[in-house]
Amino acid sequence: MCLTVNGETLALTAGLTVAGLIAQLGLDVRKVAVERNLEIVPRSTYAQVALNPGDALEIVHFIGGG
Amino acid sequence: MDSDVGTGDEWTVAGRRFASRLVVGTGKYKDLPTTAAAIEASGAEMVTVAVRRVNLSDRNAPMLQDYVSPQRYTYLPNTAGCFTADEAVRTLRLAREAGGWNLVKLEVLGPAPTLYPDMPATLEAAKALIKDGFEVMVYCSDDPIAAKRLEEMGCVAIMPLGAPIGSGLGVQNPLMIQMIIEQAKVPVLVDAGVGTAYDATFAMELGCDAVLVNSAIAMADDPVLMARAMKAGVEAGRFAFRAGRIPRRGFASASSPMTGLIR
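Here the protein sequences come in this chain order: A and B.
Its first residue numbered 0, the first sequence is counted upward by one per residue in numbering that gives the first Met the number 0.
Its first residue numbered 0, the second sequence is counted upward by one per residue in numbering that gives the first Met the number 0.
Next up, chain B with everything else stripped away, as it sits in the complex (with noise of 0.2 angstroms):
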């Protein structure tokens, strides 16, 4: 039972549970049968996908559904690419009508080479989707005044980025990461920059709520190993959250008894 994290330790997101802290997304993989068998060895209850036009000259072409049921996993319909608040609402107007799903993955992005988050736009697109009825998980800066006020108006969860999307980087920004955690009612998750497991670890250690990851699992040369090792990293961080890690000390402490020794 100890082994199993999901076994009393679920989180919660807009009233729905998971077992799983971890969240992977559904993008750049090399195609859609390693798509689905990475995300099963990763244990990911949820999952973000994207929203495209349909391809009018390839109709026939395999769809995600059809790998990644929705029935299975809860799609977090996502706004990449979008990088004005109009686009994203648009955009998850579509998801909504497509999937029947409130639940939603805000991000608003600034240009190339950063993709940071693009806050003033994150704000009025989160404003006009929590009026239309939708339960906003919001990707965004790691600054704890803008996390709070995204919580305030009424976003469901955080998502503070670790580091630049897909950069692999891990989290540069604890201190900031660790406020925001602090501070925060709603989940918190670490969302873009981990590379591998053990930012997932180190981002669960913080005491966040659950880590998104999508590149680091999909451009990984075993992409399903890989899973797996996200699966493992992200409970073994939870489990060292949970357990209370000792104190940093700039100095030795024997951990061999100095009572009893031959003399």
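Same shape as in the complex, but just chain A (with noise of 0.2 angstroms):
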């Protein structure tokens, strides 16, 4: 299945959750907060929450601003 991560288009296995996908990317869970379809997905959910072809996700970081 195809999903928009970050604006790339990312072509992935059906089935996967958030959890997965964070595993895949190789991403420290503690750092990052997920957004799917402009929703806030909570950390505690992310090993439930299955992801869906065509879903837009926006993962973020908090890097240095002013």
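Keep in mind that the hints were calculated from the coordinates and are not lab data.
One thing to keep in mind: the hints can contain errors.
Straight-line Cα separation of at most 16 angstroms, EDC-like style, residue types lysine to aspartate or glutamate; simulated pairs [said to hold, decoys possible]:
| # | chain 1 | residue 1 | chain 2 | residue 2 |
| --- | --- | --- | --- | --- |
| 1 | B | K147 | B | E181 |
| 2 | A | K30 | B | D57 |
| 3 | A | K30 | B | E96 |
Relying on the hints, combine the two individually framed chains into one complex.
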């Protein structure tokens, strides 16, 4: 299935959860936040939230800023 | 004891106490080790941070948290780069999820070259954020009416600009900053425009609770030394404000006694 993650189209295996995606991307789950189709995905639910084809995700972290 | 500005002179925002009256940004530094060293030198306890997309092609890039610990410093996530209320609200909801903090810095800017606060959009975003449980420190124009409105809405700190972001021009409109300070019941921070230490001193002498500095430290030739200068400048300004300056007078007044002179 194809998803949009941070504006990039990614082809991923069907049935992937948010937790699975974060692991697959090699990200530290404690340092990111995820928005799916404009809704925040609470960290406690990552393992339960299954992704659907066409989902648009934003995965963010903190960087230097003023 | 008297030389320690923190002793008995803390300021409080949204129930959190801070000894340092210098808040620093973490942007524009050449690298993360310099960021960490300058923040250490500044003595700041609160730092602003931005929220951005994770770089999917460079996942092992060093992260801010590894250099500036959220356990040691109070992270104040900002909405820099947001030009609409909707973007600002989405960004801070993500920040809250990433860090678990409700205390945030709202800024909704107009376009370059002014990057001046967009007050209608700022008011709209503040309303939505407060409703959603955020504690909002708000970057705003040096407009006493808008500042009062933001305070009445429930913003926990008012942060008028001293001058345009990154301009280094210092406080351009001290009269309005002073009016905002005098009417406010929440902390007032001068945010943006500080160029060098005396700008921070001047802002503190006006009576604001704290000063927020980023570019002036990060872009200085020696950011660590400038961070020390800003720390000293903020402390000097605070001491001077508390001490109460002499009135300005249009005539001379001798410093030495005019009695007991030899004849």
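Going down the list of hints, with the structure as the test:
no. : hint              : verdict
1   : K147/B <-> E181/B : 11 angstroms, holds
2   : K30/A <-> D57/B   : 15 angstroms, holds
3   : K30/A <-> E96/B   : 10 angstroms, holds
Figure legend: structure checked against the earlier numbered hints; every hint is met.
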